[in-house]
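A.B. asks: The lines below spell out each chain.
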Amino acid sequence: MASHTSAIEGHGQHEGSHDPNLKHHFENAEQQKETATLGMWAFLLTELMFFGGLFLAYFVYRHWYPVAFIDASNKTDVLVGAINTTVLICSSLTMALGVHYASKGNRKLLVMFLVLTLLLGGIFLGVKGYEYHDKWVHHEIPGEHFECHGCRDAGHASLFFSLYFGMTGLHASHMIIGFGVLLVLIWQAWKGKFTAKWYTPIEIFGLYWHFVDIVWIFLFPLLYLIDRVGKPLL
Amino acid sequence: MITATAPVIEEKNYLNAEHGLKSWLLTQDHKRIALLYLMAVSVFFIVGGFFAVLIRLELATPAGDLLDSNTYNKVFTMHGVVMIFFFLIPSIPAILGNFLLPLMIGAKDLAFPRINLLSWYVYMLAGILGTTVLLTGGVDTGWTFYTPLSSTYSNGYVVLTAMAAFVAGFSSILTGLNFIVTVHRMRAPGLTWFRLPLFVWAHYATSVVMILGTPVIAVTLFLLMLERGLHIGFFDPAYGGDPVLFQHLFWFYSHPAVYIMILPSMGVISEVVSTFCTKKPFGYTFIAFSSVAIAVFGFLVWGHHLFVSSQSAYAGMVFSILTYIVAIPSAIKVFNWSATMYKGQVRLETPMLYALGFIGLFTIGGLTGLFLAAMGLNVHVTDTYFVVAHFHYVMVGGGVMGYLAGLHHWWPKMFGRMYSRTWSMVAAGLVFIGFNLTFFPQFLLGYMGMPRRYHVYPPEFQVLNVLSSAGASILALGFLIPGIYLTWSLKYGAKAPANPWGGVTLEWQTSSPPPTSNFDVTPVITNEVYDYTNQEVPHIG
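The listed protein sequences correspond, in order, to chains A and B.
Each residue of the first sequence is one higher than the one before, counting from 1 in the working numbering.
Each residue of the second sequence is one higher than the one before, counting from 1 in the working numbering.
Don't take every hint at face value.
Claimed, not checked - Using 30 Å as the maximum straight-line C-alpha spacing, the simulated DSSO-like pairs for lysine-lysine come out as follows:
(1) B/K343 x A/K23
(2) B/K22 x A/K23
(3) A/K193 x A/K108
(4) B/K22 x A/K193
(5) A/K75 x A/K128
(6) A/K33 x A/K128
(7) A/K108 x A/K191
(8) B/K343 x B/K280
(9) A/K33 x A/K23
In short, the hints are calculated from the structure, not lab data.
The following block holds chain B by itself, in its conformation from the complex (with noise of 0.2 Å):
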């Protein structure tokens, strides 16, 4: 057992190997990587908040009293990119994939560790750029950059947004080939396919969209940028064009995007339901072909965004019956995780709080999806709150509940420290309570009719927004907690042990912070994976 040979003294870890700023910019080495990118999503993670706020309170009254309207739409517009480009599609992949990815397999770094390093520093690039925007004036087009409204109406700054979501995306490009390579070529001997973590398999589902996905919305923003800033005309009627081929392409990456950010979230939720319950998890290879083939059909479901759009009743038709069919292997893991519980010993640690929220509020933002793709209701509350309400529960409910589920599982063995028990479960309980406040409310408002990326509403709306916006105040606490309490932990958090959650990944069998190359000795892999029949319980608390 490697962590018994643990000396007392501080170990030689990949924090403390090398000290000065420089050691950080100029690393390769992969948990630092995704340390940088922790500390830059996080800045951009509190940005997008702030713009959340300032949107909850603006609707807390029917009037448009605190934002004029042209404020409002920028205010929106700049949560969305933020929030989306800047801190859901990096988040798991880019700094919990970063970090885990070559620990789970065995090997000492991912396939390309300059290229690692060069996508933190193109997500930098585009931070600035998309920094500028925000301080020069903003940017008024919602974060789906429809046109003809930003190639030729909006007024703000839509080239220089397009290019910063441009350049995120090849950052994001990059993360994606780098753990396909990693996954294909890296593995330690004996770690066949079917033995890799359910982690692993999401984040290989989870690059192949990124890298099929990505260079379209490159594509379609290279274009954007054209007709706006140089006046060559693609999308514009004027000569010709169409604004909805501008729709087509720019969903045929956006809807995969959906599981770009949503597919890791579930990774991590098979790895702390499968620890929490010290069992292996019900049907392994079902979860991880799901992963595939919600990569694979997620791909052919763009068009459910345009069924109010001028596209054909027969295109509509399909495209409704591929997003029923795509809602099945989500589905597939839901029950799966259940069962995994199922005469499980659960053990409520925080990660697993997170996790059973996760599978609730994904649950219903799932369903919810699956009421937004039947034609007939989908036109009754199009661009309603009914909308807004489904894609936060799946993407605050999902994406951001599995974030924070995988940053608990995961913080003892990234920092070598333990965070406070009490204050990180009162926290997930807020998140939880704040979250469901919030957004179930804009359910109703939505089925009601209120439109969304309004500033004012009618004054019979305002009782269930009230509501929201007191549930957003809870969640903001919610989400404030941890920075601290995680914060504090660095310097005061009691020492972690190798495996504290009693997990049986191969990651729990280096130290904790691990060493600069990983393991003291390539692990060979003889059992099966998720093999718990000499794995103890530890007590924690």
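Chain A with its partners taken away, still in its complex shape (with noise of 0.2 Å):
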């Protein structure tokens, strides 16, 4: 057994440049780094089938009901999505750019685009209110009072609504979560927690982010796209 292992002293928490930021069971900050990034992409891979099943079920009612899904997509406010699909790629480029300083060690801007960030994701949200409140007044929540005037195939209209509160509802979780997160890192960023040496959860957080994004970017014209040429936008 003595020969099947030779041994040589752990390093890590023992030398004497300790970094504050080094977790114990790491060797050094690379390691370190390198983990929480692969837990990030891991924890991705985990949402993209979360957000998949929807987008099956969305495939398989709309390949079945396209009247319905035109006629109810149709409803939906495209310049009211138009808008809000441009505030949250906007949020992307100010949540890159706080990566980007945050690795310049640069405080203060970091901390600026985290804010607007921020701000632009509170946007989406209260946005996405608004939508969900005309939804409610002209009765297109699905459910017992649902009504969908002028659509040709009213009997499935709902599923397209049902679908469309889902995926949106769901992003919109992850959006609360995102604004959440996003309150912390700018507290601890003002602090001045994080260095150019170290700024692992700002990094991490813009994956993230951008993930959220990205699943909008998918949605936006599924939901609110569907046949559209040459029809009026409001």
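Put the complex together from the two separate chains, hints included.
C.D. replies: As structure tokens, then:
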């Protein structure tokens, strides 16, 4: 057994120059960062499958009831949806800039871009709330009081709205969680917790934020842009 | 040799490093979290077992005299929900995997210790939700939650039960995520992928299924909750929805979930067989890759649960063929374990007895799975006791036997104590006999046409049902005895040496129980895996 392994002195927590951000079970900062990043990518894979079930349901039902989906989809406010898409894309830009300035160790610009990201995320959620309210007023929420005026296949139109609320709701819940995490990160960035050497939380949160953004990039055309050619925007 | 330096006085280890409730509830040590899981999972095993006892008592007579039909529906539902979501899925990964994965790869801990602790709390939250359902009246949909029964007609607490399974799923995702990242990033110097113990390969494959499959059941249950709770229809035909879509989404997770339950057991068996034959596993690479193959092909066979659910004959044929294919890697494992034993010095210690039981029972479970994969035969036995017997041979004969093999194999490592050799062998024998007596008659019952999920049956089925119930009492005894002598060993068992069985994987090279940081010095691996050339066979008993 002695020949099975040889041993060297463990290092990491025993070294003289102790890095306060280095957890005890890692050998060095590089390993720690790679670990955190891989963890986030694996998590995003999970998230992809989480949304995947809804996308599958969408494709099945849209394939079965194309007319119902066209008419119900045309009830969404494409202009508001487009504005919100722009807002979200801009928030991804500010997030990317935030990560960039974190890597430069620029605390002020990091905080500024994180706050901008927070604001844009907040605007997105506010607009989403406005749209939900609009649906409520027009009885477009599936259930007993559901109505779909002028829909050719009204019997199946509620499936579209079930998916609309399921998909955008799940997306919005991810935005809300991101909003909460951003608040914490802004506080920590303001306190100077992140340095050019260590800003892993900012970087992996960036991955998350971009992922949520990308999901919306797919949701917008699927839910808002079915058969819009040659039709008035409003 | 690390063990030689162990002093006689009580050594500092992870168990006595800190004291008090807080040191357990806020621990980030993977070994302590494994013990938290052990306690919680054991409680749920007892709860699930209690429901099994009720089922077998009711079925001892043809008339529905002990439980009315509604209660019976709730009892088998809760047996399934508890055993699958709260026992089988977390058992080996969250207890043995949690404890052993870092030890086997020479790491100080899992990659994310805090997320590991979080996963236990998430599991406990799910457990509280599940227990609330139990105490307030239960649910009667079967563990499969099929719509439209679950979404429209069921009288039970469907939303709360679905929520419990949903939350338990996140615990499983967090565990899987942690394992994958740990295997990628935390291996000791020199520990290449093909020097990893097969237990680690099996857990890696399991983790892939966990992070890719579990979110799909999560979103499916999310939709079910929306439909049941808020009348936002997805599967209800009244809105043009299709209940069969629920079945597709459900089985896309729940079939791979079968491999979440069996792959870790296969990992245990690979270790146990190798150790007790003092031999490198025959075809190491094949066993390693067969785990990965099972994880991949496991995702492509869900349609075999829908042969009678209006699935087209062509889809059925494709799923049937894919199901035959997924049997190949399982067979590779069985052949390789057998080949490992061939001309090996087989030592019949308790873990090895369970491992032998596993190989026999899993083979029967797997082969009857092939019967069920044949579409014509499947139609004949769909929803009969043949199916019940098949999956119990896999889940109990495979999953639970593997769990008990692993628990007995690593118990001395986990607690530093030996358990009674005699009693453990008696219990292993009782489990094997009791299990076969319980479930083999169910193959016959199913083939004769007895449907599952009914509390009454024609009198001609009584003899086989009484045999089954008699077997269940022997099985219950077989599960009870380890509970007693294992608990007894914690205080009165003989002190375990660092390496009681003569294993060569890394966890045997640290003390029993291990220190909080696992290894006093970070191991550097220079040898190939399972190198027994310098390993002495210890004398036990």
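A.B. asks: It remains to establish, for every hint, whether it holds in the given structure.
C.D. replies: Against the structure, the hints come out as follows:
no., hint, verdict
1, B/K343 x A/K23, "47 Å, violated"
2, B/K22 x A/K23, "21 Å, holds"
3, A/K193 x A/K108, "12 Å, holds"
4, B/K22 x A/K193, "28 Å, holds"
5, A/K75 x A/K128, "15 Å, holds"
6, A/K33 x A/K128, "35 Å, violated"
7, A/K108 x A/K191, "11 Å, holds"
8, B/K343 x B/K280, "12 Å, holds"
9, A/K33 x A/K23, "11 Å, holds"
Comparing the model with each numbered hint stated earlier shows that hints 1 and 6 do not hold.
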